[in-house]
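My request is simple: use the sequences and hints to build the entire structure.
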Amino acid sequence: MADPAQLLPGTLDLLILRSVSLGPLHGYGVLLRIGQISDNALLIEQGALYPGLFRLVRQGLLKSSWGTSENNRRAKFYELTAAGRKRLREETDSWNRLASAIASVLSTQPEEV
Amino acid sequence: MKFLAWLPPLAAKFFHRAQLSDEMDQELRSHIQLRADDLERSGMPRTEAERRARIEFGGYQRYKEESYEAFGGNFIEIFLQDIRFSLRVLRKSPGFTITAVLTLTLAIGANAVVFSVMNAFILHPRYVPQAESLYGIQHGSDNGFQSYPDYLDLRDRNHSFDGLAAFTFALAGLDTGDNPSATWLNETSGNYFDALRIRPYLGRVYHGSDEHGPNSAPYIVLTYAYWHSHFQDDRGVVGRVVQLNKHPFTILGVTPPAFHGTLLFFYPDFFVPIVNHEQVDPGYDLNTRGIRWIFEAVGHLKPGVTPAQAIADLNNIGAYLKETYPKDEGNVTFTLARPSLYGDYLGRPVRAFLAGLMLLAGLILLAACANLGSLFAARAADRSREVALRLALGSSRRRILRGLFTEAVFISLAGGAVGLLGSIILLRGLSAWQPFHQWPMIHAPVNPDASVYSVALLLALASGLLFGAVPVRQVLRTNPYEVVKSGSSGGVGRRITARDLLLVAQIAICAVLVTSSMVALRGLVRSLYGNYGFDLRNTIVASTDLSMAGYRGDKVPAMQKRMRDAVATIPGVESVGLADNVPLAAGSNESIVFSDKTTDLRPSNATANALMFNISPEYFNAAGTALLSGRTLTWHDDQSAPRVAIVNGEFARKVLGSATNAVGGYYKMRDGTRVQVVGIAEDGKYNSLTEDPWPAMFLPILQSPSSSTFLVVRSSRDPQQLAEAIRRTLHDLDAGLPVDIQTRYQGLDIILFGPRMATIALGLMGIMGAMLSITGIFGMAAYSVSKRLREIGIRIALGAQRKEVLEAALGRAVKLLAFGSAAGLLLGLLATRVLAFIVYQATPRDPLVLAGVVLGMSLLGLLATWIPALRALSVDPAILLRAE
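In the order they appear, the protein sequences are chains A and B. If you count by the working numbering, then the first sequence holds residues 1 to 113, one letter each, in order. If you count by the working numbering, then the second sequence holds residues 1 to 884, one letter each, in order.
Computed footprint of chain B on chain A; a stretch qualifies when at least three of its residues, placed anywhere within it, have a C-beta under 8 Å from a C-beta of chain B:
| no. | segment |
| --- | --- |
| 1 | 15-28 |
| 2 | 54-64 |
| 3 | 69-76 |
A few chain B residues that face chain A, going by a derived Cβ cut-off under 10 Å, partial list only:
| no. | residue |
| --- | --- |
| 4 | Asp-38 |
| 5 | Glu-56 |
| 6 | Tyr-68 |
The hints are simulated quantities; they were obtained by calculation from the structure and are not laboratory data. Even glycine gets a Cβ: it sits at the ideal position worked out from N, Cα and C.
Written out as structure tokens, the structure is:
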């Protein structure tokens, strides 16, 4: 397996929003989901997740409630609000535009210029 | 209000901190447990799994704190922590704290006082309802006087004012049954209260419809203050009949507490209709068009009328008046101005003065901030090791700066609070102050309101941020590794910095103020010994107006003769002169005069505007005025004798051509009467000590009698005893006649008010300047000593003498002080030319002043460098070098 990539600044929020969009998750679950869908290609220090979560809650993009995990532990679950869904759409679009632009720059062959 | 709405959520956030923190702990721990569960499932023992999970989680406290901050709950607590820390730090260096707070107290207090005064007089004068549309009419730009017929024409012919009122002042004797007393009142037009939109507080006010010709409206409307102090809030006062100058007047009502006429500084006791002028203040005839004695005409502009339109309207009336009454009217151009300070006459100088003061106060604050900034920088240098340690231990620079700013804001708020408190106390005193003993109705209350408090708060915060910002660069540049290793290093830069220039400027300004206040003080002292065309010494003046006790016509000269004779028999009295007015007693009569050849007696053809005194033959002797040539007046110069006058030298030169041949010559009065000059008196000062020579004429009092009575009593007896004797004597003649008795020196209070105020103001500003210079020099000296402590230690270790140590430590500060003082002294001497307009004989050529300034500035330098010098001298090289 290749070394996990460092996260670009500002992309953690997008990853959190995306993972939660598939259903309510607790903090640890968010980490697992990111690892699972990225095939463990991204490295996040576990604690670093929480400031991000709280920031999104404060911005009204996530809402939280206490519940029980699959192995019966008390945990706080996060889900998207309407504003969060809207933000996710916008961020996804702009990320895709950026990614494809950069990809096309990087794939350009010398003779094409 | 907004602030209050914002408070509860903040407080809630604060008090729920414990709960929030608890919940966060639960959540983070649950995360670690979940991770440990996973690890355990993959075959790790539970204890190892939990350890592993904690390691993978990372810095627990750090993430918790970051989460907390991300949630937006942290600010207030960090702030409180900072405050606690700052308080502890400040308590540890009381000298610094006290200096800083005191400096800001002065600076912010000065701003608060000046702003309060400005707010009360210029920005938001609340003296009548809808003050924004109220205007007073002026001729030209500084004179609002009207004659009654002119006022009536202006009132009835204008299309611009929603009612035009007029008022003037009078002194009258009020007898409410027991103790007749002199009162100051406003005579007003009947429509006065309606035009100013004043509703009565009690009873009713009079209206235009109450006027039916001369003496038809014997009514009194009391001001709230007079009703409160003299009628003890008695509501039964309405309808009561009292004696005003021995005429029955009916009290109609009381005006609201806030209303005291349209002049900010003038507090009349009550109002009476101007149609009763002849009873209230006999003197000027109501129907004479040519004599302008009514103080001012005021009114609200109609909605939609601009001041320019109103001025055009008034000028049309002016042109009409000039055409219709060519004998009485000259060229008149009207202007409008705010009546609160009598238009531009007082308004312009007061506005300019206050604007200047405000600017000065602002500069003082700025300078205070700069000085506190350098004090702060000195402290930051002292604490560089502490800062470096904190940085090395992982504190962020932001956090350290925030701490510094908290200290600064704390000091500035403390200074602001104390300054505001001081200013409120000062303004209380100022409000209660009645500067003129014979004019109790003149005072100027200033009540600071919310806008003053908020301005003071804002200034305090702004200055805290301003001087807190000075050491920022120092902290940002601190390299913890270097500082911890080798101690703070580096000498003071040798180049001249902006801070040096600022300090020199402050010292210079301080020296200017000290110089000019000393010059003013010396001038003030000297002005008590000047020659003003009469002798100030051994003179007592008893003044009254006989109309206050009901004397009229022939009874006036008879009573005046009895008064003269009675006072002359008091033992020790050398002579008694009688006059209707005396020079430098505030208020004088003027009249235009014509040369004898003039036949067209229009005002524009007047030769001079001369001061007019009606005097008894003994007056010159009693007053100590020298007769240069000709004869004195005699009691034979009466109504049946030809009109004669004694004129002063200036009058003779201006009207009769020369002082030497003037005796025997003639001139014409306003009404064309020919008057023969029989004597020439010395020139004098009549309205102010700094005025240019004025023409003045002294007329025999029997030829133009007046109920206004001044007895000038010359005697070398103790003035207090003599005054008592005079009071008793006059009381025996008529118990119902209020008399004011004071020495000639006391009488100068009014004239000397301006110079005294200027001297006090300069002195106060000089103290402020000194205060600032001290903190400035102190800050700079302290900074340079603490920066060079190591160097000084080495010097001492190498055997430097005390003198050399001091030179090294303080040489720069002392040089700046010397340079600034010299510059300031020179500028101050130049500035006294301006001062000479206000203060009599203000001259810089005075060794006492020079010596005083040099002494003062040296003292100041000594005071400011005392503590740093002690510190530099007490350096123990052994301890210092070991510690480094």
